[in-house]
Structures are given as C-alpha cells and as structure tokens.
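K.L.:
Single-letter residue listing:
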Amino acid sequence: MIAQQLLNGLFLGAVYALFAVGYTLVFGVLDILNLAHAAIFTAAAFAAFSLASMGVPIPLALLAAAVMAGIMGILLDRVAFAPLRARNAGTLVPLISSIGVAIVIGAVLRGIYGVDERHFAIGGAAAAPVIHLGTVRFTTVELLIFLSAIALMLVLGWILRATALGRSIRAVAEDRVAAALLGVDLERTIGATFFIASSLGGAAGVLTGLEYNSATIDMGGPIELKGLAVIILGGMGSVTGAVAGGFILGAVETLAIAFGLSAWRDAILFGVMFLLLVARPTGLFGKRTLRAA
Amino acid sequence: MRLKPFIYAVLLASFGASAAFGAGGPMAGKTVRVGVIADVTGGAGVYGTPQKNAYDLASDDIKAGKIDAGGATVVFDVQDAATDAAQAVNLMQKFTTDGQTALVLGPTLSGEAFKAFPIAKAANFPVMGTSTTAEGVTAIGPTVFRCALAESQVIPTTVKRTHGKWHYKTAAIIYGDDNAFTKTDGDIFARELKAAGVDVVDTETFHIKDTDFQPSLTRIESKHPDVIAIGALFPEATKIIEQAGKLGIKAHMMGGNGLNSPEMYSVAGSASHGTVVGAAWYSGAMYPSNVNFVKHYTAKYGKGPDQFAAQAYAAAQIVAYLVKNGATNKDGMLAGLKHVRVIQTVLGPIGFDANRDVKSSPVILSIVKNGFTTFH
Amino acid sequence: MNALVDFYAKHSRLVDQIGVNAIMALSLSVSLRAGQLALAQAAFMGIAAYLSAILSLNAHWPLLASIALAMLVSALVAALLAYPVRRLRGVFLAIATIGFGEIVRVFANNFSITGGAEGLSGIPNDATTPVIYVGLALVAVALFALSRTKFALAVSLVREDEHAARSVGVDVGAIRTLSLALGGAIAGLGGALYAHSNFFLTPADFGFGRMEQILVACVIGGVTNAAGAVLGAGLITLLPEITRAVQAATGANVDFFRELVTGVVLLGVILFAPAGISGLWRKRA
Chain A
1 MIAQQLLNGL
11 FLGAVYALFA
21 VGYTLVFGVL
31 DILNLAHAAI
41 FTAAAFAAFS
51 LASMGVPIPL
61 ALLAAAVMAG
71 IMGILLDRVA
81 FAPLRARNAG
91 TLVPLISSIG
101 VAIVIGAVLR
111 GIYGVDERHF
121 AIGGAAAAPV
131 IHLGTVRFTT
141 VELLIFLSAI
151 ALMLVLGWIL
161 RATALGRSIR
171 AVAEDRVAAA
181 LLGVDLERTI
191 GATFFIASSL
201 GGAAGVLTGL
211 EYNSATIDMG
221 GPIELKGLAV
231 IILGGMGSVT
241 GAVAGGFILG
251 AVETLAIAFG
261 LSAWRDAILF
271 GVMFLLLVAR
281 PTGLFGKRTL
291 RAA
Chain B
1 MRLKPFIYAV
11 LLASFGASAA
21 FGAGGPMAGK
31 TVRVGVIADV
41 TGGAGVYGTP
51 QKNAYDLASD
61 DIKAGKIDAG
71 GATVVFDVQD
81 AATDAAQAVN
91 LMQKFTTDGQ
101 TALVLGPTLS
111 GEAFKAFPIA
121 KAANFPVMGT
131 STTAEGVTAI
141 GPTVFRCALA
151 ESQVIPTTVK
161 RTHGKWHYKT
171 AAIIYGDDNA
181 FTKTDGDIFA
191 RELKAAGVDV
201 VDTETFHIKD
211 TDFQPSLTRI
221 ESKHPDVIAI
231 GALFPEATKI
241 IEQAGKLGIK
251 AHMMGGNGLN
261 SPEMYSVAGS
271 ASHGTVVGAA
281 WYSGAMYPSN
291 VNFVKHYTAK
301 YGKGPDQFAA
311 QAYAAAQIVA
321 YLVKNGATNK
331 DGMLAGLKHV
341 RVIQTVLGPI
351 GFDANRDVKS
361 SPVILSIVKN
371 GFTTFH
Chain C
1 MNALVDFYAK
11 HSRLVDQIGV
21 NAIMALSLSV
31 SLRAGQLALA
41 QAAFMGIAAY
51 LSAILSLNAH
61 WPLLASIALA
71 MLVSALVAAL
81 LAYPVRRLRG
91 VFLAIATIGF
101 GEIVRVFANN
111 FSITGGAEGL
121 SGIPNDATTP
131 VIYVGLALVA
141 VALFALSRTK
151 FALAVSLVRE
161 DEHAARSVGV
171 DVGAIRTLSL
181 ALGGAIAGLG
191 GALYAHSNFF
201 LTPADFGFGR
211 MEQILVACVI
221 GGVTNAAGAV
231 LGAGLITLLP
241 EITRAVQAAT
251 GANVDFFREL
261 VTGVVLLGVI
271 LFAPAGISGL
281 WRKRA
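Chains A, B and C are the protein sequences, given in the same order. For the first sequence, counting from 1, position 20 maps to 20 in the numbering used here; every step adds exactly one. For the second sequence, counting from 1, position 130 maps to 130 in the numbering used here; every step adds exactly one. For the third sequence, counting from 1, position 260 maps to 260 in the numbering used here; every step adds exactly one.
I should point out that these hints are in silico values taken from the structure, not numbers from a laboratory. Treat each hint with caution, since some may be false.
[Unchecked claim] Simulated crosslink set (DSSO-like; lysine-lysine; CA at most 30 Å straight-line):
(1) K209(B) x K338(B)
(2) K150(C) x K338(B)
(3) K10(C) x K30(B)
(4) K209(B) x K194(B)
(5) K10(C) x K121(B)
(6) K295(B) x K63(B)
(7) K160(B) x K359(B)
(8) K30(B) x K209(B)
(9) K250(B) x K300(B)
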C-alpha cells in the first residue's frame with residue numbers, strides 16, 4: 001500500500017508544485033501575494049474544457065488555455081497592480097485589488113458556464129488505460145499529466161537560467177532599483193513575469209481538471225491555501241523551492257491520510273509549514289533575505 | 001403491475017380537475033407571495049440553482065393549471081443568498097417583516113437554516129426547509145416544517161436492504177467531515193452498520209471540494225472491506241466512485257441522498273454501476289406529477305432534475321395545496337401546514353409527522369447506465 | 001422617527017452585522033497600524049465565539065462574563081502566537097497567521113465540544129443591537145485614547161522604520177506582541193458578540209473567507225483610523241444588499257450580476273483610493 005501512496009503523493013505534488021511556481025515567481029519579483037492566481041488557474045481549466053468539447057485535441061487545448069492564462073496575467077498586472085505600483089502603494093493594497101480581480105473572474109466564469117461542474121470529453125479517467133507496475137496502478141492520463149508538469153517546470157528553469165529574459169527577471173527580483181539602473185526594462189520584465197507565472201498556473205488548472213475530470217468554479221479554493229504552504233515550505237522567491245515544496249506537501253498530505261489522520265491533514269500540513277517558518281523563515285531553499293514589512 | 005389501473009384513474013382525475021379549475025376556482029383573483037431563500041450562486045450554487053429552476057417551473061405549471069392552486073396566483077420570490085449565511089439571515093428577516101409574504105421556503109443549507117429559522121420562530125412565522133436535512137432543524141421551533149427526508153430517516157433502510165441482499169461482513173466508511181450533511185451521513189452509517197453486526201474496518205474522512213480521494217481509497221482497499229459506504233455530496237461522490245474504479249476496487253458501494261443525481265453514470269462511468277443510493281426521490285417514479293415534472297424540467301433546462309429540484313417542486317406543490325384550501329397569509333399557512341394529512345407530490349404521497357418532519361418513504365435505488373432502477 | 005423604527009424592525013440583523021464586522025475590522029487595524037500583516041483575526045474571532053457560546057450553553061454564564069473571558073483568552077492566544085512569529089515580516093507573517101487560522105479551524109471541526117461540522121446551535125441571542133454598538137463605541141473610544149499615548153507613537157515608529165525604532169530604544173518585540181494581543185482582545189469581543197447574535201456557529205464561519213472579508217473591510221475603509229474600519233465594514237456588509245436592490249431595480253435577471261458588481265466596486269475603490277475611503281478625506285484636509 002505504501003508504494004501506491006507514495007505514487008499518489010508524487011502525482012499530487014507535481015500539480016501543487018506547478019501551481020506554486022507561479023505564486024512564487026510573482027512574489028519574488030514584486031513582493032506581492034497574487035490572490036487572483038487561483039482564479040486564473042480555474043479560468044484556464046474551463047477554457048480547456050470549452051476547447052476540448054469543440055473537438056480540439058487535449059494537448060493543443062492545454063497550450064491554448066495556458067497562453068490565454070498568460071495573457072490574463074498580463075492584463076491582471078495592467079489593471080490591478082501597475083497603477084498601484086505607480087503610486088507606491090505598498091504590498092497590502094495590491095493584495096486587495098487581486099481579491100477584487102479574483103471575484104470579477106469568478107463572476108464572469110459563472111456567467112459563461114453557470115454553476116455546473118464540467119467534465120472533459122475524454123470520458124473520465126476510468127476510460128484511460130491502466131498501467132500495473134508491481135503493486136501500483138496508475139493510468140496513462142495520470143502519467144502524462146505528471147510528465148507535463150515536470151516538463152513545464154524544466155522549461156521554466158531553463159528560461160530563468162539561460163535566457164536574457166530570465167536574467168532580467170532574476171535581476172528585478174534581486175533588486176528592482178539596481179536592475180532599472182542597469183538598463184532593465186522594468187515594466188516589460190514584470191509583464192513577462194506575469195505571463196509566465198499565470199500561464200504555468202493556468203497549465204496547472206488544465207492538468208488538474210484533466211486529472212480529476214472536473215472543472216468547477218471553486219476548484220481554486222483549496223489549492224490557493226495549499227499553494228501558500230508550498231511556497232513557504234520551499235522558500236519564497238525560489239522556484240526550485242516551490243517545486244520541492246510541492247512534492248513535500250503532496251507527500252505529507254498523502255502520508256497523513258495513509259496513516260489514518262485524514263481528518264487532521266490540513267492541520268498537519270499547516271503545522272509543518274508553521275514550524276518551518278518559525279525555525280527557518282527563509283524556507284528550505286529560500287534565498288531571499290527577510291524584508292521589513 | 002396492480003398499480004397501473006390506479007395510476008390511470010389518478011391521471012384521469014387530475015386531468016379532469018385541472019380542466020375544471022383552469023380559469024377559475026375558489027381562490028381565483030387572490031395572490032399569495034412565497035419567499036424563497038436559495039443559494040443560487042456561491043459554493044452551494046450547484047444545489048440552489050436546481051431549486052430556483054424548480055420554482056420557476058412550478059410557477060409556470062401553476063399558471064397553466066397543471067398544479068392546482070384553486071385559481072390563485074402564487075408568486076415565488078426567489079432570492080439568492082449566495083451561500084452567505086449573513087445574507088440568508090437578512091433575507092429571512094426581510095420576508096418575515098414585509099407584511100406580504102405568507103411563507104418562506106429554504107434556505108438551501110442546514111447551517112444557514114440554523115441561523116435563519118430562529119428568526120422565523122420568534123416572529124411566529126411558518127418556514128419550510130426543502131433540503132436542510134441535518135438533525136435538529138425542525139426542533140428549532142413550532143413553525144418550522146421540512147419536506148425533505150432526513151438522513152436519519154433514509155440510511156437505516158439503505159443499510160437494512162443492502163445487508164439483506166449482499167450479506168456483507170465488513171465495511172468501510174468514507175465521509176466529509178466539514179459539512180453537516182455529509183458528517184451526519186458518516187455518523188449514521190457507522191451507527192447502523194454496527195447495529196447490523198457489520199465490522200467497520202476503516203473510516204476515512206475528506207473535506208468538501210476535495211478532488212483527490214486516491215490516498216484514502218488506497219488505504220480503504222488495503223483493509224479489503226466488502227462494502228464501502230459513502231457520505232458525500234454529488235461532486236465528491238462522483239470522484240470517489242470514479243477513482244475507486246481506477247484503483248481496481250471491487251467492493252459494493254452505497255451512499256446517501258447526495259448521490260441522487262441522474263448525471264452519476266455519465267460522470268463517474270462504469271465504476272458507478274450497481275452503486276446503491278438511499279434517497280428521498282426516484283426520478284423514475286410513476287406518480288403522474290413526477291412523470292410530467294421530469295419531462296418538463298428536462299425539456300426546459302436541458303438536463304434532468306436532481307433531488308434538490310424535486311424537493312423544491314414538491315414544496316411548491318404543498319404551497320399550491322395550502323393555497324387552494326384557503327391559506328393566503330402566514331397564519332393561514334401555519335394553520336394549513338398543521339392540518340395537512342396527505343398531499344400528492346413528485347415525491348409521492350407525503351404528510352408531516354408530530355415533529356413537523358416529512359412523512360414519506362425512502363426509495364432505495366441502484367445506479368445503471370441511464371439513471372437509476374429500484375434496488376431489489 | 002417612525003421611519004427609523006420601521007427600518008430597524010426590518011433590518012435589525014443587518015445593523016447588528018455591521019456592528020460586529022466593524023469591531024473585527026478595528027481589531028485588524030490595530031495589527032496593521034503596527035505594520036504587521038497578521039491575518040489571524042478570524043481565528044481569534046472563532047476561538048472567542050466558541051468559548052463564549054460553550055460557556056453560555058453548558059455552564060450558563062451570563063453574557064458579559066462570557067464575553068470578558070472570551071476576550072481574555074483571545075488576547076492570550078494572540079500574545080502566545082506573537083512569540084513564534086516574532087521574526088517574520090510582511091507576507092511571511094501573513095501566511096504563517098493564515099496557516100494558524102486553518103489549524104484552529106481543523107481543531108474546531110474535529111472536537112465534539114464545538115459540535116464539529118454539525119455546529120453549535122441554540123446559542124442565546126442576547127447580544128442585542130445596543131450591546132453590540134456599546135461594545136463598538138467602547139473599542140473606538142479606547143483606541144482613540146490609546147492613540148494619544150506614547151504607546152501609539154512607538155507603534156507608528158515600528159511601522160515606519162523598525163530599525164530606527166530599535167535604535168531609539170523602543171522594544172520592538174514587546175510592541176509587536178502588545179499590538180497583536182490588543183487586536184486579539186478586540187477580535188475576541190467581536191467573536192463573542194457574533195456568537196450571541198447568530199444562534200449557531202460552525203467552523204466554516206471562521207475560515208479564510210471570513211479573514212478575507214475582514215481584511216477587505218479594513219483596507220477599503222482605510223487602515224490608519226477607526227472611522228475607516230467602521231466605514232469599510234459598513235460598505236462590505238451592505239454591499240450584498242445594495243447590489244440586490246440594484247439588481248431588482250435594473251431587472252437584470254442574471255445570477256452573477258451581484259458578484260460581478262461586488263468585484264468591480266472593490267477593484268474600483270481600491271484603485272481610486274488606495275489609502276481607503278477615509279484616506280480620501282484625509283487628502284483633502
């Protein structure tokens with residue numbers, strides 16, 4: 001049973017990691033917690049559902065939905081964050097405006113799709129071929145989702161390390177003023193950051209929708225809170241940390257259930273996060289130094 | 001088989017009756033306002049929207065004479081509480097003080113009911129829950145009625161009938177621990193299974209909105225129960241069943257009211273075949289008003305009604321019955337409710353017991369490809 | 001006069017809700033004014049609500065006594081929480097405190113004394129409107145009185161520049177703990193009053209949704225003064241009913257209308273007045 005549970009944890013962790021990476025990117029670059037990330041996650045899932053039901057093959061739908069999510073991210077920045085940046089409004093106010101945008105996105109989704117849960121045309125995961133590997137079982141769909149998540153995170157890692165854009169992003173994250181002085185185009189870099197972060201969050205949404213064969217208006221709620229725990233576990237602003245944190249969280253949650261503690265699993269999850277924060281405020285991989293509020 | 005002639009007779013009688021009361025009737029010219037508090041949007045929107053749909057449909061049916069309200073005009077003022085208990089409370093206060101409303105139906109969730117019904121009690125105002133099946137709801141006050149079968153009225157029958165057929169020795173229970181409805185399911189299943197001499201080998205809990213049940217199901221499977229009891233609402237139930245199939249779990253499955261939706265098979269697939277659902281309503285029941293209800297609801301909204309819609313429609317039928325018998329204001333409604341014997345609804349013939357809970361028989365159903373059959 | 005009495009008879013619950021939400025917004029503003037984004041108010045509210053409800057139901061304590069003990073316990077919990085998070089700042093603190101809130105909610109869900117998911121019902125409804133608003137007034141007066149003391153000066157300094165504060169001898173840790181405890185006490189009052197004006201409690205009442213509501217109310221109104229918190233709470237509480245009236249008036253029979261308007265209003269206010277509604281007046285003054 002433990003082998004299956006570890007596999008469950010791995011699959012769960014991959015999606016958590018993908019979602020958290022977007023969170024942590026935005027925080028690393030702008031010091032803000034983007035509470036509209038979960039709404040974009042949800043919007044992408046619905047977009048992919050619409051495309052799939054029109055006959056678009058799933059990989060293409062995933063790509064299109066992720067791109068749409070990226071564009072939504074840029075718009076989000078333009079509407080909710082950029083004006084406040086220009087007025088030096090601090091970190092608390094953008095949090096509130098992100099809540100406002102999240103509500104608007106939720107209302108629009110409800111307007112378009114109604115309250116019903118949507119299911120992907122692939123006929124439920126039960127229809128996918130099951131692979132047996134020793135004592136564990138998983139479907140081809142689950143495996144593809146897992147591999148997609150890993151692939152996306154690797155692409156992100158490459159962008160950050162090996163491209164000029166990546167260098168700009170890291171420079172702005174390190175010190176915004178210095179980066180500007182060195183000639184980095186701030187607004188363009190921030191826009192690109194939002195595009196990348198939101199498209200990854202959107203991809204997480206599509207993959208989650210596929211995994212559980214479900215897109216609902218409130219699918220972002222639970223992952224939004226868990227995403228917070230992930231970025232703390234991994235260390236704010238650290239992409240590697242977010243990935244590691246995602247898998248750790250997936251493992252903690254799955255093992256809590258495996259040991260009969262499912263009623264306490266959220267408390268265990270946040271308890272671990274809390275203890276880590278207290279013991280090591282920068283998180284496991286955190287490179288960012290603490291900043292004053 | 002013996003039911004057929006009876007059904008034909010009832011059909012004929014109701015046809016005749018509606019023909020007679022189409023354009024006139026003892027209550028012609030009277031308008032009765034019924035307040036409805038439903039979570040059309042918000043987290044419980046999935047349950048409140050079918051309720052609103054049902055009231056809209058009932059409104060049309062009353063106007064067309066398909067439901068007999070004695071010729072009166074019945075207005076269902078459906079207000080959205082957006083799954084916000086504070087809004088449900090404010091709506092209850094509004095309806096009970098506006099001087100025009102005769103009765104309030106809803107709210108959708110038991111938690112909202114516990115906050116809003118005491119206001120009605122203090123105002124000596126009649127209210128009826130159509131989906132608030134937690135324990136203690138009707139005990140709030142002597143003006144609180146309920147036309148929805150409580151879990152405690154359904155699950156004992158579910159366990160008895162399945163145990164009688166399947167003779168299982170071991171069971172596992174999986175239920176939602178942060179929702180009153182699903183938690184009640186879990187508790188009652190535990191109690192009834194134990195009373196039936198079944199060994200509950202594992203109990204797992206989940207939270208509302210959870211989507212991944214594989215860790216819990218893996219753990220359940222490792223204990224090899226003969227049957228799995230599911231205390232969940234529809235979105236979670238479909239995933240539990242689907243993922244159980246994916247993991248290769250072969251145990252029988254049974255659940256409560258939350259599983260009673262015609263979409264079950266199309267969502268959860270073949271894994272749901274044979275799952276037993278103990279419910280308050282059967283979409284295939286041959287009561288004439290039910291056959292019409294299912295047909296017209298499906299035509300109007302593009303999908304079949306679920307139990308939330310059925311219970312709301314039944315409430316509308318109860319209202320029409322009360323109006324036909326002279327109730328036009330809150331005192332009339334209260335008196336009418338107290339004196340109800342039997343009303344024919346889409347849930348079948350129902351009445352109220354001494355605790356103002358609904359008197360009706362649960363139906364034990366089995367999931368099949370196109371919906372449900374009755375469980376034998 | 002008659003119109004007012006009539007209005008009250010029809011909307012007393014709404015009036016009570018505004019009062020309680022204002023107290024909660026004030027409790028958060030205390031932490032925010034010390035520069036601490038400590039988002040545990042909903043948890044403190046929940047602890048106090050359950051405690052005062054259980055005392056009334058099981059031990060038949062009179063209202064004021066149960067409120068007093070609830071406030072004390074909330075303040076204590078807040079002070080205790082201040083210790084492990086003493087080195088956290090900004091969003092780190094926010095997330096840690098949100099996590100704490102989730103832990104409290106799980107505990108409330110899993111114990112039978114709180115009624116678990118089925119909740120606690122039958123709570124005596126004795127926190128009437130006068131009681132709530134007297135409580136609000138007392139908190140406002142107390143905060144106003146405090147704002148004239150050296151404590152308030154130290155708090156402002158800690159918010160503006162922690163290092164400078166330290167260098168002039170302010171005990172930053174003590175200030176942070178005290179402000180958290182004060183916020184906790186006020187949240188305790190809010191929670192106890194909430195319990196005694198709602199008949200029924202469930203753990204979901206005090207989750208992240210509640211915290212978001214308090215945060216939005218506080219910031220929309222304007223963090224830096226009591227009037228702002230009250231204004232923001234008023235707006236947030238009234239918004240669903242305002243949008244309901246607007247929807248009825250325009251006949252827009254679309255379900256998502258109210259939610260859309262709420263989001264747009266929120267966004268509009270915060271973009272137009274990042275310092276909150278009360279900040280608008282300040283600017284003109």
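K.L.:
All hints are to be evaluated individually against the structure, with a verdict given for each.
P.N.:
Now for the hints, and whether the structure bears them out:
no., hint, result
1, K209(B) x K338(B), "violated (39 Å)"
2, K150(C) x K338(B), "violated (66 Å)"
3, K10(C) x K30(B), "holds (25 Å)"
4, K209(B) x K194(B), "holds (29 Å)"
5, K10(C) x K121(B), "holds (16 Å)"
6, K295(B) x K63(B), "holds (18 Å)"
7, K160(B) x K359(B), "holds (19 Å)"
8, K30(B) x K209(B), "violated (45 Å)"
9, K250(B) x K300(B), "violated (38 Å)"
Violated hints, listed in ascending order, are 1, 2, 8, 9; each of the other numbered hints is respected by the structure.
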